[in-house]
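Turn these sequences into a full structure, and let the hints steer you where they fit.
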Amino acid sequence: MRMLNRQGRPSSPASVAPSENRALMLEEPLIFEQGQEGRTGVDFPPAGLKHDRLGGLRRSAIGLPGLSEPQVVRHFTRLSQKNFGIDSTFYPLGSCTMKHNPRLNEKMARLPGFADLHPMQPIETVQGALALIDELADWLLKLTGMHAVAMSPGAGAHGEFCGMAAIKMALEARGEGHRRRVLVPESAHGTNPATAASLGFTVDPIPALDGRVDLKAFEAKLGPDVAGIMLTNPNTCGLFERDIIAIAADIHKAGGYFYCDGANFNAIVGRVRPADLGIDVMHINLHKTFSTPHGGGGPGSGPVVFAESLAPYAPLPRIVREGDKLRLIEHAKDAEGAPFGRIKSFHGQMGMFVRALTYMLSHGADGLHQVASDAVLSANYILASLKDVMSAPFAGPCMHEALFDDKFLEGTGVTTLDFAKALIDRGFHPMTMYFPLVVHGALLIEPTETESKETLDEFIAALRDLAEAAKRGEADIFKQSPRHTPRRRLDETRAARQPVLRWRG
Amino acid sequence: MRYLPLTPADRSAMCEAIGVASVDELFADVPKKAWLNGPIAGLPPHQGEIEVERHVAALATQNVAAGSCPSFLGAGAYRHHIPASVDQLLLRGEFLTSYTPYQPEVSQGTLQALFEFQTQVAMLTGMDVANASMYDGSTACAEAVMMAARITGRSRAVMSGNLHPHDIDVTRTMARLTGFTALAAPPAPDGHEDLASVIDGETACVVVGYPDFFGHVRDYRALAEAVHAKGALLIVSVKEVVALGLLMSPGEMGADIVVAEGQSLGNALNFGGPYLGLFACRDKFVRQMPGRLCGQTVDAEGKRGFVLTLSTREQHIRREKATSNICTNSGLCALAFTIHVSLLGEEGLRRLAALNHAKAMQLADKIADVPGCKLLNDSFFNEFTIALPKPAAEVVEKLAKLPILAGVPVSRFYTGQKKLENLLLVAATELNTDKDTDVFVKNLREVCGC
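These protein sequence lines are chains A and B, in that order.
Under the working numbering, the first residue of the first sequence is numbered 3, with each subsequent residue one higher.
Under the working numbering, the first residue of the second sequence is numbered 14, with each subsequent residue one higher.
No wet-lab data here; the hints were simulated from the structure.
Here a beta-carbon is modelled for each residue, glycine too, at the ideal position from N, C-alpha and C.
Heads up, a few of these hints could be off.
As the list claims (entries may be wrong) - With a Cα cut of at most 25 Å, we get these calculated SDA-like pairs of lysine to any residue:
#, chain 1, residue 1, chain 2, residue 2
1, B, K431, A, D336
2, B, K403, A, D336
3, A, K223, A, R244
4, B, K411, A, G325
5, B, K297, A, E494
6, A, K481, B, G315
7, A, K52, B, D449
8, B, K448, A, G50
9, A, K109, B, G61
10, B, K431, B, P384
11, B, K45, A, R490
12, B, K297, A, G65
13, B, K432, A, H333
14, A, K255, A, R183
15, B, K431, A, G50
16, A, K144, A, A367
17, B, K414, A, E332
18, B, K414, A, R323
19, B, K46, A, A309
20, B, K45, A, R275
21, A, K335, B, L433
22, A, K455, B, G32
23, B, K316, A, R244
24, A, K144, B, P58
25, A, K144, B, E62
26, B, K297, A, R499
27, A, K455, A, S393
What the hints assert, rightly or not - Far from chain A, by Cβ distances over 10 Å, these chain B residues were calculated:
#, residue
28, D207
29, G267
30, L389
31, P404
32, V452
To be verified - Now the in silico label distances, taken between C-beta atoms and shown as ranges:
#, chain 1, residue 1, chain 2, residue 2, range
33, B, E407, A, A248, 57 to 63 Å
34, A, A63, B, R295, 40 to 46 Å
35, A, A397, B, I63, 27 to 33 Å
36, A, E35, B, A209, 39 to 45 Å
37, A, E35, B, L444, 29 to 35 Å
38, A, G475, B, K45, 21 to 27 Å
Right, here's the structure in full:
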């Protein structure tokens with residue numbers, strides 16, 4: 003019972019979540035619904051533009067609103083307060099790796115020697131930038147045991163495209179362009195089949211057996227028209243593909259290549275080198291393994307590492323060392339091998355490279371080994387601590403993410419979605435839901451290595467509470483969730499059926 | 014290790030709870046022959062903040078920051094002033110450290126900002142709708158061509174020779190890999206090319222730069238009509254988005270799809286990345302548009318809110334039937350753009366654009382006065398092409414030693430083309446002072462030997 007003081011006010015803090023503070027539940031109109039004509043948040047000296055040389059093409063009104071600097075600052079500060087971020091909450095989104103983003107990385111990326119560097123400056127004025135890219139490339143090659151690296155892909159899916167493009171080019175160079183079939187396990191990331199399909203390959207799914215590639219089914223699919231396999235390892239069920247060395251040997255014997263989706267490299271970095279598993283090409287999401295900020299969904303950066311078999315096909319640009327100088331190769335005629343071209347402007351996501359290398363240097367080789375250990379330990383701790391109240395589809399240890407299905411919700415009237423939304427009211431970002439597709443009502447939890455045991459324990463307690471409440475038949479609290487958020491549940495069907503994609507006044 | 018919270022005691026307690034003797038047991042599924050015993054050789058051990066900062070800062074000092082000397086570089090990346098509040102807001106953890114807004118109830122900040130971004134991009138380009146951004150301008154260009162092929166059912170793209178060479182290169186790479194044909198005209202440094210005559214019944218789209226690679230500003234209204242008459246689409250690619258504060262919008266000229274590099278607003282040069290691809294089109298094409306889209310809806314109480322929408326086009330659901338494999342956008346770069354455009358507003362953007370144009374006109378006149386230097390443009394925004402009396406790369410290298418970052422030699426993009434060897438792309442922005450201009454022109458005069 004709460005105590006009252008002499009004024010009749012509570013003398014102990016009310017036990018409410020901070021999000022119940024209505025005074026901070028601010029409504030914020032769109033930027034276009036604010037401001038006044040003629041107002042601006044930036045002062046410029048007068049241009050004195052008496053005539054122009056615009057070829058007679060002056061524009062009419064644009065329609066942008068006019069706001070002062072304090073108005074804009076307040077608007078975006080308020081918007082930020084309507085977001086969960088890893089800095090404010092535990093964010094165990096499976097398959098996405100939400101870990102601590104050190105501010106040292108940000109500080110280094112903003113050094114004028116990197117941030118204020120034009121991509122077309124003379125090469126001798128950017129030797130430090132090339133040296134940083136070269137150093138990062140060296141880390142990536144040593145950590146993976148691979149032969150060459152392409153730094154330019156703008157995101158993980160872009161890296162996948164780059165890797166599969168190299169396979170396509172290599173097959174054509176061998177005169178085996180007829181190999182069009184790509185095997186994609188059902189436990190792969192959703193981008194994998196989309197990547198293969200967009201390159202004109204036929205996607206042939208491999209069924210999962212206990213959450214892993216069904217080796218017999220895989221072997222039965224091998225043939226002279228197979229271009230390769232796209233395997234996510236550790237896979238999206240959070241499991242290590244035990245048969246991976248056999249899979250690599252088989253695909254090579256059949257004349258195909260082995261693409262590995264390295265998005266989950268986090269789980270094995272410093273403990274296993276992909277080259278030792280027989281992989282030909284793999285992309286690495288710098289933001290997942292080496293902590294560059296996610297920023298609401300990007301920018302990403304997806305360097306691709308190649309084994310010797312595919313290294314000649316790595317795209318442009320490339321960095322080469324000539325004596326004590328570094329040089330950029332931007333044109334195919336200057337490159338060794340048979341690069342398949344350019345896939346993005348300029349030289350890659352420099353801002354992300356600085357952050358990733360800063361993170362690697364902070365961890366060192368010993369720290370990265372510990373990263374994989376702690377990520378795997380944390381995931382297994384969650385799995386073990388919840389096995390009795392939630393249902394896990396697969397036996398045995400998991401890698402960096404713990405997977406549950408929705409069997410424990412059977413007959414409760416609570417859906418996976420309800421369960422996730424109820425977790426929001428407990429102050430946690432929900433796990434990944436309904437993915438991977440091979441598990442019914444999947445709940446994929448990735449704690450990562452940067453969470454304390456105390457946080458993991460609080461999270462486990464919240465999930466236990468919710469699972470027990472669901473089993474007690476308290477479906478109503480789930481259906482009403484979330485209650486303590488800037489918005490209640492949003493109508494996604496309406497958004498798709500009657501698309502409103504911009505403000506129109 | 015400062016980023017790892019687990020103590021040895023935590024680790025043993027957790028192992029005990031799991032029922033294993035050590036973490037190694039949890040790696041039992043990894044084939045033993047692939048195990049590494051101990052940290053990988055040849056890489057340093059962990060270091061404190063002081064050492065790391067020293068190492069990375071030392072690399073930074075081996076570069077000449079563009080802002081540390083007079084610089085006139087453009088060619089698809091532009092140095093503009095970024096108001097201090099842009100970066101301060103961007104660094105707010107709720108923006109910086111959030112992920113894709115899969116849970117819209119706790120991502121309204123990111124989603125509303127994306128909705129505002131989409132609206133601003135549509136307004137600037139003069140189009141109906143825009144997506145939530147792409148990797149960069151060049152990948153947006155390639156995606157626009159593929160989208161035009163889907164819409165028209167035709168597989169041949171005609172690209173202006175004056176499109177940014179990276180737009181051409183990336184589109185050609187995509188063409189080669191995904192099975193359409195991308196034809197590019199030869200570069201026309203004087204700005205005159207006839208694209209209308211090469212459009213035929215097989216043409217899916219015509220792609221032009223605005224301003225083009227050499228800086229020319231061309232009226233594409235007649236071209237748009239010719240393109241439409243043949244049942245094709247006009248794609249306009251903008252590399253300097255500030256130009257849209259002063260120039261007639263591509264939408265007004267009849268463009269069907271507009272792509273742009275948005276780096277100029279809110280985003281630093283970053284040696285070429287991360288940048289921000291803008292992508293806008295007519296309403297009727299929205300379901301063929303690649304990338305992520307944010308839409309308005311209502312919540313359970315009828316209040317306005319925002320969600321990611323129309324994702325059935327993407328890898329999320331249809332997998333091998335997806336129109337592209339894109340699963341991200343340049344979220345933080347888009348946010349920087351939106352904050353900067355909000356600060357500028359109608360008035361500020363117009364003034365910024367006018368200032369850029371005025372600086373460029375002043376610079377162009379002074380350079381054109383240098384004996385042996387010839388200005389190739391009769392129209393431009395903030396970048397133009399100068400024919401020098403000697404190879405531009407030589408001139409640029411000499412001036413870089415002073416240091417002056419004089420411009421981008423066209424030969425950096427087109428190697429081995431003798432007739433382009435003496436051409437220099439020069440850009441001016443609001444950041445160039447009169448003193449910068451004078452120092453540049455004085456030294457150019459000396460290096461050109463006149």
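Status of each hint after checking the structure:
1. Only pairs whose Cα atoms come within 25 Å are accepted, and B/K431 paired with A/D336 is accepted, the gap being roughly 17 Å.
2. At most 25 Å may separate the alpha-carbon atoms for a hinted pair to count; B/K403 and A/D336 meet this at roughly 23 Å.
3. For the suggested pair A/K223 and A/R244, the alpha carbons sit about 19 Å apart, so the restraint of at most 25 Å is met.
4. In summary, the hint linking B/K411 to A/G325 is supported, as the alpha carbons are separated by about 22 Å, within the 25 Å threshold.
5. Our distance criterion of 25 Å between C-alpha atoms is met by B/K297 and A/E494, whose separation comes to about 21 Å.
6. Distance hint between A/K481 and B/G315 is fulfilled; the C-alpha atoms sit about 16 Å from each other, no more than 25 Å.
7. Proposed proximity of A/K52 and B/D449 is supported: the alpha carbons are some 22 Å apart, at most 25 Å.
8. Annotation: proposed proximity of B/K448 to A/G50 holds, straight-line Cα distance about 18 Å (limit 25 Å).
9. Using a Cα cut-off of 25 Å, the hinted pair A/K109 and B/G61 holds, with the two alpha carbons roughly 15 Å apart.
10. Taking the CA atoms of B/K431 and B/P384, the gap is about 21 Å. The hint holds against a cut of 25 Å.
11. Restraint check for B/K45 and A/R490: not satisfied, since their Cα atoms lie roughly 50 Å apart, outside the 25 Å limit.
12. With a CA separation close to 22 Å, the supplied pair B/K297 and A/G65 stays within the 25 Å bound.
13. For a cut-off of 25 Å, the pair hint linking B/K432 to A/H333 stands: about 18 Å separates their Cα positions.
14. Taken as a hint, the A/K255 and A/R183 pair is honoured in the structure, with Cα atoms around 16 Å apart against an allowance of 25 Å.
15. In summary, the hint linking B/K431 to A/G50 is not supported, as the alpha carbons are separated by about 39 Å, beyond the 25 Å threshold.
16. Note on A/K144 and A/A367: the hinted pairing holds, with a Cα-Cα distance of about 10 Å set against a maximum of 25 Å.
17. A C-alpha spacing of about 23 Å is found between B/K414 and A/E332, which places the hinted pair at or below 25 Å, so the restraint holds.
18. Our distance criterion of 25 Å between C-alpha atoms is met by B/K414 and A/R323, whose separation comes to about 21 Å.
19. A hinted pair counts as satisfied when its Cα atoms are at most 25 Å apart, and B/K46 with A/A309 qualifies at roughly 19 Å.
20. Annotation: proposed proximity of B/K45 to A/R275 holds, straight-line Cα distance about 12 Å (limit 25 Å).
21. Distance check on the hinted pair: A/K335 and B/L433 sit about 18 Å apart at the alpha-carbon level, within 25 Å; holds.
22. Taken as a hint, the A/K455 and B/G32 pair is honoured in the structure, with Cα atoms around 16 Å apart against an allowance of 25 Å.
23. With a C-alpha separation of about 50 Å, the suggested pairing of B/K316 with A/R244 is violated against the 25 Å cut-off.
24. For the hint linking A/K144 to B/P58, the alpha-carbon distance of about 14 Å falls within 25 Å, and the restraint holds.
25. For the given pair, A/K144 sits about 23 Å from B/E62 by alpha-carbon distance, which is consistent with the 25 Å threshold.
26. Only pairs whose Cα atoms come within 25 Å are accepted, and B/K297 paired with A/R499 is accepted, the gap being roughly 14 Å.
27. Taking the CA atoms of A/K455 and A/S393, the gap is near 22 Å; set against the 25 Å cutoff, the hint holds.
28. Listed as a non-interface residue, B/D207 keeps its Cβ farther than 10 Å from every Cβ of chain A; the least gap is roughly 17 Å.
29. The beta carbon of B/G267 sits about 13 Å from the closest Cβ of chain A, which is more than 10 Å, so the claim that it is off the interface holds.
30. Annotated as non-interface, B/L389 keeps its C-beta farther than 10 Å from every C-beta of chain A; the closest such distance is 13 Å.
31. The Cβ of B/P404 sits about 13 Å from the closest Cβ of chain A, beyond the 10 Å cut-off, so the non-interface label holds.
32. The beta carbon of B/V452 is kept farther than 10 Å from every beta carbon of chain A, the shortest such distance being approximately 17 Å.
33. Taking 57 to 63 Å as the suggested C-beta distance range, the pair B/E407 and A/A248 conforms, at roughly 58 Å.
34. Against the hinted window of 40 to 46 Å, the Cβ-Cβ separation of A/A63 and B/R295 comes to about 20 Å, which falls outside the hint.
35. For the hinted restraint 27 to 33 Å between A/A397 and B/I63, the CB-CB distance of approximately 47 Å leaves it violated.
36. Taking the beta carbon of each, A/E35 and B/A209 are about 43 Å apart, inside 39 to 45 Å as hinted.
37. Checked against the given bound of 29 to 35 Å, the beta carbons of A/E35 and B/L444, roughly 33 Å apart, stay inside it.
38. Roughly 48 Å separates the CB atoms of A/G475 and B/K45, a value that falls outside the hinted 21 to 27 Å.
Of the numbered hints given earlier, the model fails hints 11, 15, 23, 34, 35, 38; all others are met.
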